[in-house]
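K.L.:
Chain order of the listed sequences is A, B, C and D.
Numbers in the working numbering are just positions in the first sequence, counted from 1, shifted up by 661.
Numbers in the working numbering are just positions in the second sequence, counted from 1, shifted up by 661.
Numbers in the working numbering are just positions in the third sequence, counted from 1, shifted up by 661.
Numbers in the working numbering are just positions in the fourth sequence, counted from 1, shifted up by 661.
Keep in mind that the hints are not guaranteed to be accurate.
Below, in silico cross-link-like pairs of lysine to any residue (SDA-like), each with a Cα-Cα straight-line distance of 20 Å or less [claimed, not checked]: (1) A:Lys970 - B:Glu855; (2) B:Lys892 - B:Glu951; (3) D:Lys970 - C:Leu806; (4) D:Lys970 - C:Val792.
Treat the hints as calculated values from the structure; they're not laboratory data.
Keep in mind the model is a prediction, meaning the values are calculated, not measured.
There are 4 protein chains.
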Amino acid sequence: MNVVSYRPELSELSYTFGGRPAVRRIQPGTIVEMYTEDCFAGRVRSVDDLPSRVCDFPYLNPVTGPFHVEGAEPGDTLALHFVSIEPARDWAVSATFPHFGALTPTHTTAMLAPTLPEVVWRYDIDAEAGVARYHARNGDFTVELPLDPMHGTVGVAPAASETRMTITPDTHGGNMDTPELRAGVTVYLNVNVEGGLFGVGDGHARQGHGEVCGTAVEAAMNTVVAVELIKGVATPWPRLEDDTHLMSTGSARPLEDAYRISQHDLGTWASEVTGLDALDAYQLVSQIGEAPVGNVCDTNYTMVAKIPKTYLGGPAVYESAHERLRALGRIYLEQR
Amino acid sequence: MNVVSYRPELSELSYTFGGRPAVRRIQPGTIVEMYTEDCFAGRVRSVDDLPSRVCDFPYLNPVTGPFHVEGAEPGDTLALHFVSIEPARDWAVSATFPHFGALTPTHTTAMLAPTLPEVVWRYDIDAEAGVARYHARNGDFTVELPLDPMHGTVGVAPAASETRMTITPDTHGGNMDTPELRAGVTVYLNVNVEGGLFGVGDGHARQGHGEVCGTAVEAAMNTVVAVELIKGVATPWPRLEDDTHLMSTGSARPLEDAYRISQHDLGTWASEVTGLDALDAYQLVSQIGEAPVGNVCDTNYTMVAKIPKTYLGGPAVYESAHERLRALGRIYLEQR
Amino acid sequence: MNVVSYRPELSELSYTFGGRPAVRRIQPGTIVEMYTEDCFAGRVRSVDDLPSRVCDFPYLNPVTGPFHVEGAEPGDTLALHFVSIEPARDWAVSATFPHFGALTPTHTTAMLAPTLPEVVWRYDIDAEAGVARYHARNGDFTVELPLDPMHGTVGVAPAASETRMTITPDTHGGNMDTPELRAGVTVYLNVNVEGGLFGVGDGHARQGHGEVCGTAVEAAMNTVVAVELIKGVATPWPRLEDDTHLMSTGSARPLEDAYRISQHDLGTWASEVTGLDALDAYQLVSQIGEAPVGNVCDTNYTMVAKIPKTYLGGPAVYESAHERLRALGRIYLEQR
Amino acid sequence: MNVVSYRPELSELSYTFGGRPAVRRIQPGTIVEMYTEDCFAGRVRSVDDLPSRVCDFPYLNPVTGPFHVEGAEPGDTLALHFVSIEPARDWAVSATFPHFGALTPTHTTAMLAPTLPEVVWRYDIDAEAGVARYHARNGDFTVELPLDPMHGTVGVAPAASETRMTITPDTHGGNMDTPELRAGVTVYLNVNVEGGLFGVGDGHARQGHGEVCGTAVEAAMNTVVAVELIKGVATPWPRLEDDTHLMSTGSARPLEDAYRISQHDLGTWASEVTGLDALDAYQLVSQIGEAPVGNVCDTNYTMVAKIPKTYLGGPAVYESAHERLRALGRIYLEQR
């Protein structure tokens, strides 16, 4: 088993997809153990650390990487299987951030009315018990919430020579902020430049659908990713697969366009793997599809389209990459 | 137990909310057994019955009703508990309809490019086995899907003297098309006119999130609703409650506004029932909220915001109407 | 010349399109002299009259009418030519209204952040000089703006048995709030019910594009409308014509859909009157079209698509109704 | 007078803002004579040159530049005054491009319905007479349209280390596609990186509002730009000034957000230059503002907010850069 461990210095964190040299070069088939910082680069540690004071735009939402995958060329697909995602600290934070979030004026939904006040919440993380504890800022209310660790951000270098802030989700991945991106899931990303240059960051101990206030339970993570390269197969938008479901993503504004992209891609994909024609696949997806909301707060909004594989006859996709990586991940976890 | 049965003639079906006299007057506490026609008023019976030929706009999406609830006045809330929703026929239909659906040009998302072709699918319904069978129109593919019966449309007469087509969801309810509206759920609707004048229709044997092709597995239903009246309590947008969750809805365009409305209403509601201040409630909802998509095809789009009651301390809402109606519904089902 | 004068009592004003009996029945060819109240029904008279206190929802945005046009049947088109629009008072008002306007959270773009404060501005109207005088509320700044009188609201009873608040623009017209609806313009509206039942209101001494703060320079008006009926010609969306331009409107959300509807209708119309095929007309409209914004604050947003007739070869449309009504209006004005 | 002439080789054209070294370094006060290619890089020359065949994505919409302005640092503003914009050839082209344009499914407004067919129109340009001649592809219809030369694309290197395709408009400028960007206008752009690195391209012989079919009358241009640097003054979004008007731009989706941004920026700017408070400025802009649509087809949509300087008391903005550059341009044109 080929295992690479990487823990970045703060100065090595990346704030863009594209435009940066790789921090490591890895072979397809490698398992990467990595540490990822939270979306504030660890600078918000208490309720008194207001993000707009302790963080320095654009140094937000750092990712660990990029990793160069040997042999990856434009038109290939990277398969990144998340073997495990574990909170690295016994605390996490969330915050309202000025001009960010779904229920406040933003720089894009620009208004003369004032933005919401900036407030920080600190959660206790008990990884053993599998819970994050919420504390109201005003009053004694407190409640334990189950951990459901995930990564808000995973992506590759964009096409067309672009370099994008990590906070933007688009065809190259980025800050999709979908709770579906948890351990046990394989993410498929199109390779746009040599080596693919993937990065991972923005761990969440848990997150509601849409990340309505703009931030989740933001946590540094110890994360393990198993990597495969699928040659000669392109992927129009980031796709996800777990043991039971196929998922497509769309990231755009308005939100219905994110929905359209994700449903269109999933319908096309379902048509390919079942042999159904486009309209028959559209009809079937219409009746069996879920549409978990990713984010409704980032520079593009993200929707996920999701269907059970069983209703498609349980097809093998991407040359069964998920099954292989899942098995590899299990062996890794047993041996650890 | 006060039980009223009502099976409308075709000519008694209503195509608007508002603007129609009541078909029945009922007392709060009544259980209503009703028959509802499908969205095509039963006119599409085979794959050769194209909706645009056999149906006559605006005679689409009929509801059974309206029912006048004695004592209901503007500023009150109706609680409609769905005791059971059962397919009334052994078949159901779905269709692409010209200029309708999320992945085709529509009258609103007007384009010069052509709309999708009109195609009908007929499903076999086996209520005993609890399945609907999909048949591809092109090829032999077929698959059984679990029944999950629901009503796309429930609403009351609108405020401000308006009369609206049943196909439009808004503050008065209407064609929200959310799969969350299944048996076991209580719907809270604001009373805008004397008697409330509620109606129910557009049964779906099952539906994917967003009703992407524009129609679900459309079915006539035998449905039982238990009704209560909550005096002096207003409800800004339709809300739902089941044994485990509180839900708010929002219906608007673009889709992010439907999301905003539903999340804003749920946050406000959570704040009221927990005593948390607005920002503390916003933060909590942000981490525990689901956002099941209702429809992305109707004249307004619908989003649902949904949180587990347990994380709020299991508060009683609407004077425990749901618990009472749930108990009443169980007794009714046992006695039937 | 057949002239009808009508000045409504306050109690006769209409707050909906549809759902109301006609105040007058008129013959095609009639000139109607009418008085219209402002959007606050005249209740906001000084900067201390806050609309949310002196007005009573839903009694906002009243129209004068409805007028029944003899012989009008579904599938016909009403041509309403605005002969003159003259401010009826020497003052007008504007205001921010809670949860209304493009740069504030609204009931639809629902936010936790606070709405803008409610403030009233009173303008002096000097009809002789043709100016409205703006006075800053905070400080001495004042400036004269040219009058450009128009009606925000004109419409007919909707199709499909609907009744809509006058504030909503849609296929039946309504509160389009376009500055293009000034004297000298003919508006074409589809007849949806017998008699058409048109109404006119919401005069503006002038208005910026989009009515960004939610209100214009709101003024009562003495308005003269010349009416024709075009039998057997339907009109999909409200259209406007003046001596030099053809215009289509679209009212929807998001704003790009209002743009799409208006451009699609204008392209279709241009194709019909020139004989160009759909793509050739699309190309031509793409290079010569203006797109004056109507409103970006109402329940639907409105865009206007506008092209010079000259580039189409100066076609006659709607059986030259505009030319005839324009001539009739001139005679009326000379004789007055 | 400091004049620099630059005519790029095809291989020197830039397809991104950011990520490229300067082609020339110039001093503030310089007049730059440049040649710009059309959006197809000159590859579409007849109606048989289908863009999707002769062009190679992402090599679309090239700009001439970037130009490094000596002394420009982040937080400064570049003033680019367009002295003249003259078609460089006696022909121009327009086209529908697959999945591009406002009235066709696109990659973002993704649909299962087919896109429009790809068609090219070739215009004759008569610079002497000041006209472009349209020819229908199907039939004999032809018409002369007045030239109104403009640049669709002008921008600088983006902030936050980003590199963006030239086709995307955002805070750094880019493909705004507004007809307001014609000769006689000064554009103000924020400096995000040392030297600013501005580029200019995508000339249009004329364009309708919104560029509804996706392309304008696309033309190579000989363009003269006079450049100033305003130290220590930042500019949140691209702004324009001509002899009579101030204009702000906003580029976003949905279109109402582009409108909001532009109106918010213009209101803020009007408040600064008049001393009016925010609400008084909002009210004034609401009544005097125009909102010419830029594009409703690019990756972000663009709106322009525009007010006459006279109603603000004719304030000097940006240290009177426009007046100085306008005068310099006039001298240049006289001496040429």
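K.L.:
Each hint needs a verdict: does it hold in this structure or not?
P.N.:
Now for the hints, and whether the structure bears them out:
| no. | hint | result |
| --- | --- | --- |
| 1 | A:Lys970 - B:Glu855 | violated (49 Å) |
| 2 | B:Lys892 - B:Glu951 | violated (30 Å) |
| 3 | D:Lys970 - C:Leu806 | holds (12 Å) |
| 4 | D:Lys970 - C:Val792 | holds (17 Å) |
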